[in-house]
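Chemist: Sequence:
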Amino acid sequence: MPTITLPDGSQRSFEQPVTVGGVAAAIGAGLARAALAGEVDGRLVDTTHVITGDARVRIVTAKDPQGLEILRHSTAHLLAQAVQSIYPQAQVTIGPVIEDGFYYDFAFERPFTPEDLEKFEARMRELARADQPVRRRELPREEAIAHFRALGEHYKAEIIVGIPADQPITLYGQGDWEDLCRGPHVPSTGRLGAFNLTKVAGAYWRGDSRNEMLQRIYGTAWADEKQLKDYLQRLEEAEKRDHRRIGRELDLFHFQEEAPGAVFWHPHGWTVFQGLIDYMRERQNAAGYQEISTPEIMDRELWVQSGHLEKFGENMFLTRTPDERVYAIKPMNCPGHVQVFRHGLHSYRELPIRLAEFGRVHRYEPSGALHGLLRVRAFTQDDAHIFVTEDQITGETVRGIELLMSIYRDFGFDEVKVKFADRPPRRVGDDEIWTRAENALIEATRAAGVDYTVNPGEGAFYGPKLEFVLKDAIGRDWQCGTWQVDLNLPGRLGAHYVDEHSQRRTPVMLHRAIFGSLERFLGILLEHHAGRLPTWLAPVQAVVMNITSRQAEFAAEAVDFLRNQGVRVEADLRNEKVGYKIREHTLQRVPYLLVAGDREVGSRSLAVRSRSGKDLGAMPLEEVASRIAGDVASRGLHCLED
RNA sequence: GCCCACGUAGCUCAGUCGGUAGAGCACGUCCUUGGUAAGGACGAGGUCACCGGUUCGAUUCCGGUCGUGGGCUCCA
Numbered sequence: 082m083p084t085i086t087l088p089d090g091s092q093r094s095f096e097q098p099v100t101v102g103g104v105a106a107a108i109g110a111g112l113a114r115a116a117l118a119g120e121v122d123g124r125l126v127d128t129t130h131v132i133t134g135d136a137r138v139r140i141v142t143a144k145d146p147q148g149l150e151i152l153r154h155s156t157a158h159l160l161a162q163a164v165q166s167i168y169p170q171a172q173v174t175i176g177p178v179i180e181d182g183f184y185y186d187f188a189f190e191r192p193f194t195p196e197d198l199e200k201f202e203a204r205m206r207e208l209a210r211a212d213q214p215v216r217r218r219e220l221p222r223e224e225a226i227a228h229f230r231a232l233g234e235h236y237k238a239e240i241i242v243g244i245p246a247d248q249p250i251t252l253y254g255q256g257d258w259e260d261l262c263r264g265p266h267v268p269s270t271g272r273l274g275a276f277n278l279t280k281v282a283g284a285y286w287r288g289d290s291r292n293e294m295l296q297r298i299y300g301t302a303w304a305d306e307k308q309l310k311d312y313l314q315r316l317e318e319a320e321k322r323d324h325r326r327i328g329r330e331l332d333l334f335h336f337q338e339e340a341p342g343a344v345f346w347h348p349h350g351w352t353v354f355q356g357l358i359d360y361m362r363e364r365q366n367a368a369g370y371q372e373i374s375t376p377e378i379m380d381r382e383l384w385v386q387s388g389h390l391e392k393f394g395e396n397m398f399l400t401r402t403p404d405e406r407v408y409a410i411k412p413m414n415c416p417g418h419v420q421v422f423r424h425g426l427h428s429y430r431e432l433p434i435r436l437a438e439f440g441r442v443h444r445y446e447p448s449g450a451l452h453g454l455l456r457v458r459a460f461t462q463d464d465a466h467i468f469v470t471e472d473q474i475t476g477e478t479v480r481g482i483e484l485l486m487s488i489y490r491d492f493g494f495d496e497v498k499v500k501f502a503d504r505p506p507r508r509v510g511d512d513e514i515w516t517r518a519e520n521a522l523i524e525a526t527r528a529a530g531v532d533y534t535v536n537p538g539e540g541a542f543y544g545p546k547l548e549f550v551l552k553d554a555i556g557r558d559w560q561c562g563t564w565q566v567d568l569n570l571p572g573r574l575g576a577h578y579v580d581e582h583s584q585r586r587t588p589v590m591l592h593r594a595i596f597g598s599l600e601r602f603l604g605i606l607l608e609h610h611a612g613r614l615p616t617w618l619a620p621v622q623a624v625v626m627n628i629t630s631r632q633a634e635f636a637a638e639a640v641d642f643l644r645n646q647g648v649r650v651e652a653d654l655r656n657e658k659v660g661y662k663i664r665e666h667t668l669q670r671v672p673y674l675l676v677a678g679d680r681e682v683g684s685r686s687l688a689v690r691s692r693s694g695k696d697l698g699a700m701p702l703e704e705v706a707s708r709i710a711g712d713v714a715s716r717g718l719h720c721l722e723d
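Quick note: the first sequence uses the numbering used here, first residue 82, plus one each step.
Please note that a few of the clues may not be correct.
[To be verified] As a list, the in silico BS3-like pairs of lysine-lysine whose alpha-carbon atoms are at most 27 Å apart:
{"id": "1", "residue 1": "662", "residue 2": "695"}
{"id": "2", "residue 1": "321", "residue 2": "280"}
{"id": "3", "residue 1": "200", "residue 2": "280"}
{"id": "4", "residue 1": "321", "residue 2": "695"}
{"id": "5", "residue 1": "321", "residue 2": "662"}
{"id": "6", "residue 1": "321", "residue 2": "500"}
{"id": "7", "residue 1": "307", "residue 2": "280"}
{"id": "8", "residue 1": "200", "residue 2": "321"}
{"id": "9", "residue 1": "552", "residue 2": "144"}
{"id": "10", "residue 1": "321", "residue 2": "307"}
{"id": "11", "residue 1": "310", "residue 2": "280"}
{"id": "12", "residue 1": "310", "residue 2": "662"}
{"id": "13", "residue 1": "307", "residue 2": "144"}
{"id": "14", "residue 1": "280", "residue 2": "392"}
{"id": "15", "residue 1": "310", "residue 2": "321"}
{"id": "16", "residue 1": "552", "residue 2": "498"}
{"id": "17", "residue 1": "552", "residue 2": "392"}
{"id": "18", "residue 1": "144", "residue 2": "310"}
{"id": "19", "residue 1": "552", "residue 2": "500"}
{"id": "20", "residue 1": "658", "residue 2": "695"}
No lab work stands behind these hints: they were computed from the structure.
Please construct the entire structure, taking both the sequences and the accompanying hints into account.
Modeler: Structural data, given as C-alpha cells:
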C-alpha cells in the first residue's frame, strides 16, 4: 500500500502498487496527458514504472528540463526507427541528446543525402501520428549481446560489452522496432511532434578518427511548435550576428582562396584592430611590461631545441631559402622571447622581467577547422612572457589574473570562467617538473581567489595553463586568455639569471595572452555587439551629412573640427536625400549621425542622431565633440544611447 | 586531414533537360537641392572557382584540384 509524497509535500495513498502514470492520473487528467516520465526518489523512470513502496514522486512533463531531454531522446529513437524502416540494413549506434536537440549516428553503406533526410522526417511524422506505445524490457547481458549480434547490430553489441556489470540491460521498443537504451522514454510516439531534422554530417565511431566514419543526423526537438519556432528564430538571430557577414557588410576584412585562413584587413577593420592594440599596449605598459618584436622566421634548429618541431611540428609552416637553409615560421613567440632574455646576463634583482609582443604567428590548422576570424592560420597574439624565480610565481600570477579580469570588464565581459588544464599526453619534461608546475599554478590560482574547473590533459606541451572563458551577449562561451607556468622551455633554450649567491639559475617562464588572438577577439566582439561596436572601438564614430549642397562647406568644416578633436569622423556630402544617408550609415552601425541643415549652419551646430535612432537635438560643435569624447572615455559601458 | 553540401556580376540569388547568361541591391553618368531608414532615368559590369575528360559544341554531364559552409578531430 504505497504512500506517495508529491513535490508540494502532499501525500496520496494507493491500495496497491501503482505506476507513475497512475499517480499522474490520480492527480488530474491534464497531468496524466502531459506526463512524459516520473522522478521516483530522485531517479528518472518511465510512466509505466510500477511503484511498490512509499516514495517521493514527481511527474515529469515537457516543461521540465528533464522532460525536454526525454522528449529529445525519444525523438532520436523515432529517427532511428524511421531510418531502419526505410533502410533495414542501416545499423544503429548512439543517439544522445545535445543542446537544443539530438543526433543519431548510423553505420550505412553510403552517406545519407538531403533527400534521405526529407524521407526520414516524413516517416517520423507518420510514426508519431500512429501514436505507438513505447515498451521497455530487460534482458540478461549475454542474451542481449546475442540478440543484437543476431540482428547484425554489431555496434550495439559492442556498447553492451562496455556497460558496467551492475547495470541492467534494457531495450525500448515501439511498433515492430526495438533499440538498446537506458531510458526513460515518453509513453508513446504521439507525444513527439515539434521536431526538425537539421543536417547530416560524418562522425567517427566513438569520436576517434582511426575508427570508421558513421553518418550522423542532427535534429532539434521541443515541447511544442512555438518553442520550435522560437529556436529557429534564435538561429536566425545568431546568423545575423555572424562576424563573417558583419565583416562583409561593414567592409572590415575579407578572405580569398590564395591565402586560406589569413585575413585581408580593410581600412575600417584595421582601425578596430589597431584600437585593440593601442588599448592593450596602454594597459600592459602600465602593468610593467616591456614591448619587443622578434623575427617571424628563424632557423629550424631553434625549433628542434625548443621541442616545437617534435611536439607541434604538424602545425608549423616551414620555408626553404635559395641557400637551402630551412626556416620555421613562428607558431609561437616564446622561443624568440627567450632569445631576448638570454641576451645579456640578468640578476635576480631584475626579475620579474615581462616581455610583451603583438606577435604574428602562423599555425597550419587542418583545412576543416578554419572558420572566419575565429579559426585562422595566421594571427596576432597579445603575447607576453614573464621571467620569474619560482618564489615569484604566485605573486605574479595574482597580479596577472587581476589585469586580465580588469581588461575583460572594460570590454563588457563580466562573466569569466577559469579552467585549469593539466599535463597533455604529448609533452616535454619529466613528471616531477610537471607536478611542480601544476602545483605552483594551482596554488597561485587559489591565492588569486579564483574558482576554476579542471580541463584534464589540455595543457600546453611545455606546461599547465589556465584558460579564461568569456560569455557573450547571447550566452555563448569563448576561450580567450591563457596563463601558463613553464618550467621546461627556459632550460631547453638556455635562459639563466644569477641568484643572490652568484649562482646561475634557470628562471621560470610564465606565458600569457589576454585577447589570445586579436583576430579571434575582434570576431567575438563583432558577434557580441552584433556589429554595433561601442564608440571607442567603432571604426567610424560619426558621419557628418548635409541636406543640400548649401551646407557642404560648413559640413566639411565640422568634419575638420571634430577630426582635430580626435573623433574618427567622415563626411557624406553626396547628392542624396538625407533619409537615404541616414539609412546607409545606420546600416553601417555608425554611433553618431550628424546632420547639417540651414538651421544648424546658422548656429554652427549639428543635429545629433544616435545609432539607435534617437534624436538628441542640435548641439554646438564643441558639445558634439565633448559628448563623443565622453562616450569614448566610458568605453560605452555606461552609454545609454543604444 | 575525414564526411556531406556548395562555388554564376562587388553583395544576395535566379537560370541553362548541353547551343558561352539574368534580377534586385551596390557602382558610373545625368536629372533632382530633398530635415532623419531607399527620388528618377540611362549605363557599365561575368573565361559561370580552376584543371582535365566526354561531345560538333560544356557554365550545364563526368573526374580531379582549390576554396567556402556545416559536422568530426584539434585548438587562440
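Chemist: Kindly indicate which numbered hints from before are broken by the structure, ordering the numbers from low to high.
Modeler: 6, 8, 12, 14, 17
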